[in-house]
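Engineer: These are the residues of each chain, in order.
There are 2 protein chains.
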Amino acid sequence: MMTSYEKLEARFLQISRLNDARSILGWDEAVMMPTGSSDSRNQTLAELAGVIQNLSISPEIGDWLGEAEGDPQLLPAQKANVREMKRIYTEMTAVPSELNQKLVVARMTSEQKWRTLRGQNDWAGFMPYMEEVLKLTREATRLLAEKRGLSLYDAALSTFSNGLTTQVVEKLFTEIKSFLPDTINAVLHKQKSETVIMPEGSYPIAAQKALAKELMGAVGFNFENGRLDESHHPFCGGTQRDVRITTRYSEKEFLSALMGVLHETGHAMYEQHLPLKWLGQPVGAAAGMAIHESQSLLMEMQVSRSAEFMHFAGPAIRKHFAVHTKNPEALSDENLAKLVTRVKRGYIRVDADEVTYPAHVILRFELERDLLEDRLQVKDVPAAWNEKMKAYLGLSTEGNYKDGCMQDVHWPAGLFGYFPAYTFGAIIAAQFFARIEQVRPGVRSEIAKGNLSGVQSWLTDNVWSKGSELTTLDLVTAVSEPLSVASFRAHIQKRYLS
Amino acid sequence: MMTSYEKLEARFLQISRLNDARSILGWDEAVMMPTGSSDSRNQTLAELAGVIQNLSISPEIGDWLGEAEGDPQLLPAQKANVREMKRIYTEMTAVPSELNQKLVVARMTSEQKWRTLRGQNDWAGFMPYMEEVLKLTREATRLLAEKRGLSLYDAALSTFSNGLTTQVVEKLFTEIKSFLPDTINAVLHKQKSETVIMPEGSYPIAAQKALAKELMGAVGFNFENGRLDESHHPFCGGTQRDVRITTRYSEKEFLSALMGVLHETGHAMYEQHLPLKWLGQPVGAAAGMAIHESQSLLMEMQVSRSAEFMHFAGPAIRKHFAVHTKNPEALSDENLAKLVTRVKRGYIRVDADEVTYPAHVILRFELERDLLEDRLQVKDVPAAWNEKMKAYLGLSTEGNYKDGCMQDVHWPAGLFGYFPAYTFGAIIAAQFFARIEQVRPGVRSEIAKGNLSGVQSWLTDNVWSKGSELTTLDLVTAVSEPLSVASFRAHIQKRYLS
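Here the protein sequences line up with chains E and G, keeping their order. In terms of this note's numbering, the first sequence is residues 3 to 500. In terms of this note's numbering, the second sequence is residues 3 to 500.
Mixed in with the good hints there might be a few duds.
Since the list gives no way to pick out one identical chain from another, each pair is judged satisfied if it fits inside one copy or across any two copies.
Here are the simulated DSSO-like pairs of lysine-lysine, each with C-alpha atoms no more than 30 Å apart in a straight line [claimed, not checked]:
| hint | residue 1 | residue 2 |
| --- | --- | --- |
| 1 | K215 | K254 |
| 2 | K104 | K279 |
| 3 | K149 | K321 |
| 4 | K115 | K279 |
| 5 | K194 | K346 |
| 6 | K9 | K194 |
| 7 | K137 | K194 |
| 8 | K321 | K211 |
| 9 | K254 | K9 |
| 10 | K81 | K279 |
| 11 | K404 | K279 |
| 12 | K211 | K254 |
| 13 | K279 | K179 |
Hints are computed from structural coordinates only; laboratory data are not their basis.
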């Protein structure tokens, strides 16, 4: 006789395996699929989603959860597994299927409209779709919030980063706002007097791929359980045993693609090192998007954009590109380190450096929190956006919706509550890296030699092997200290102002 | 209220969409998947197979079929759809799940053992696995034969080529045996006095791919709904709206890969032109493997290995390869046409030319029929194989199991009843092409100009658009005449002996 807990494990394993199918098909759609088969692929994905949905919401899961929660035999990790199962089951069942259907259609429609209307800078045309998405998302989030006993925005946060709270987000973002404008000014002032050489040239994509794979391997990506490919939008996809990252290349410039690859490699290494004994169980999965972003940003911002890493990567970069550049002096270790730490105020979040990035995120958090809590109307978003852009970055987006409030896919796709994960990822990455430096003082000189074993072993022990045993903030506290912006602020100070 | 027929359509559409997921994952496994994820992929595929199995065997399908068969409103194509649904449902339910499980395990084990033991020429080691597979396959086939009211080998044939019968296979194979040995002798004698130049050189894989895609496009492959990739064993996979063919390249020689691509292109074009209005329904699927092979062999043997096609393809071949060959005269149209029609007695079926190929298939048919019907024991296979190889091709395989009875994956994988499809494909292709020449006398000169519209339009009207409305032999009769070896014999005579 299987216990209720064992039944839950069996069901979630089954769901995980089918979700793996969905992930690979999603990767294939972005990377391999010929254009003419998108209708048929959508139908296959919808069918598969339906099968998974049915397996996920069946009422016996509720019964098993009730029994498993009272099971005195469970070990701590099994209890955490039940906690995660309950969270997932609650998310899957909180919203009645009729509302869910409406939401799926509204999100898909609004995302499609956004793709066209953004290019046309047509906010007025897009507004009704965003209003519909927001209305339905608010309704669904309210139902989830009630079931989980959370506030509205806490419920939205929790679907992406379980354990993150509005209160903590507001506290840390307020702190960042208190120093960020001055910091940006100071960094820009300092960098104005520095000489940086742009590496002009034409960089063959084959050489960029070879370099990317070489450095991925050096930092620890396991090609036995993963791949690197190309897609229009870079992402980390696939499955835990088959992690597939993508990038896009431009022949004019190689550092964006390379840093993008190293960012996705951070995501990938987390997935590749999740605990195998919990493969397919919720407790064995990554601990939410804030922690996931911390892993990509630790690899990109803390490691790869450091002077030490460029000292290691410089020879490889010159080996691949010396013959393709017009000014070989631009490929010196020192100049490369400068190139990957340029700071610039800009309109576009995804192009932002690590110093200005929090301003973009804080702006979005403040607006989406107010939108969801009905304190801000969709029609007033452009004015609010413009006001905050001026305050935080000194830029006006008046009339420029394309590079303003229409630039991101998140709201058109109904993903309210995601944005804080980016900056929390950066804050957590800084705090984790500071902790690594504490326990392993030689880590920077190891990185300069291309030796990431110290970084890897700390992350393995403290983050990767833990899966979802702890929720976001509890995990941070358990392996370092309660989350604060201190390490992030010190990191920016040290890298950009010392 | 849905009628029973409508319920059947909905269920089979659902199954088809999930089977599409399985096909893409299968393609991915062979073409893209990193080695370390095979365990996890197998589990995902097994889970998906289980979902599809449950949807396919549920008893309500039997009830719906009973009602649909008595529905006077159904159109002829819908009736054919019900016929195919019933065949599939019978195949899926004839074998109890316990036996089916055993069979799956035995086939997988024996195929794995075969991969190792073939290389070691170890027949004695492999024999027990093949005995187990045969025993269980025989049991399963007997259950299917009873349910469908067919003889044992007819039931085996029907799972691959519905409507093909042992009687017709025996009749046509007997006819081929009556002339083939003399024909082979005559062709070899004639070719001995001909001069053929081997195109020595090193042919870059990128150039081979470019040529392959150029010629695929020229014969009609639609790249909006398909791809060309590389894999260890060439195949045509993917889905009807996303047909993915593969090949493997050698830098030493380019014609094998190119002809392989054109062969798979024949399979692919059939899939790409199946009737869209029946997408996802059994009646909209290809009409079995004999017809499928007829499409690949029509494209490869009738079209691509013709002197006319080489007149068209010659300039493209020279454009890509003139700089890579040591003897450019080998790339003349005339020499290329000779190269793709070389005949040679050999041990290996997959390397055989179209003249000797039927001998390989007839041998296998005779043995597998007798094995299935318990008139031949597994232990006696090597002797029987050797005897027939000597009789049909004058070659001894004594002690050489590797290149003898252990060369094919079919029996280790339990695929008894498949082999006749290859030679029936060749016979049907010859008969179809003869009919095309009849109704469109200029077709060969069209091919010489790279214009395949005549071939395509006949195939569209007579084969591709028909899906599975008719079973194998009925389809052939309806669009040409009752199947006979006459056209195949005339084709060999004309191409090789005139």
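Engineer: Would you mind marking each hint as holding or not holding in the structure?
Structural biologist: Verification of the hints:
Taking the shortest alpha-carbon separations for K215 and K254, both the intra-copy value of 19 Å and the inter-copy value of 29 Å come in at or below 30 Å. In the homo-oligomer, the alpha carbons of K104 and K279 lie at most 30 Å apart only across protomers (28 Å), although the nearest pairing inside one protomer, at 38 Å, exceeds that limit. Proximity of K149 to K321 under the C-alpha cut-off of 30 Å is found in neither arrangement, the shortest distances being 58 Å within a copy and 69 Å between copies. Taking the closest pair of Cα atoms, K115 and K279 come within 30 Å of each other only across two copies (29 Å); inside a single copy the shortest separation is 43 Å, beyond that limit.
Taking the shortest Cα distances, K194 and K346 sit within 30 Å of each other inside one copy (10 Å), while across copies they are farther apart (76 Å). In the homo-oligomer, the alpha carbons of K9 and K194 never lie at most 30 Å apart, since the shortest distance is 63 Å inside one protomer and 71 Å across protomers. Taking the shortest Cα distances, K137 and K194 never come within 30 Å of each other, neither inside one copy (46 Å) nor across copies (81 Å). For a Cα distance limit of 30 Å, the shortest separation of K321 from K211 qualifies both inside one copy, at 13 Å, and across copies, at 29 Å.
Within a single copy, K254 and K9 get their C-alpha atoms no closer than 55 Å, and across copies no closer than 56 Å, so neither meets the 30 Å cut-off. Taking the closest pair of Cα atoms, K81 and K279 come within 30 Å of each other only inside a single copy of the chain (15 Å); across copies the shortest separation is 51 Å, beyond that limit. Neither within a single protomer nor between protomers do K404 and K279 lie at most 30 Å apart by alpha-carbon distance, with minima of 46 Å and 41 Å respectively. For the homomeric pair K211 and K254, the shortest alpha-carbon distances inside one copy (14 Å) and between copies (27 Å) are both at most 30 Å.
Neither within a single protomer nor between protomers do K279 and K179 lie at most 30 Å apart by alpha-carbon distance, with minima of 42 Å and 59 Å respectively.
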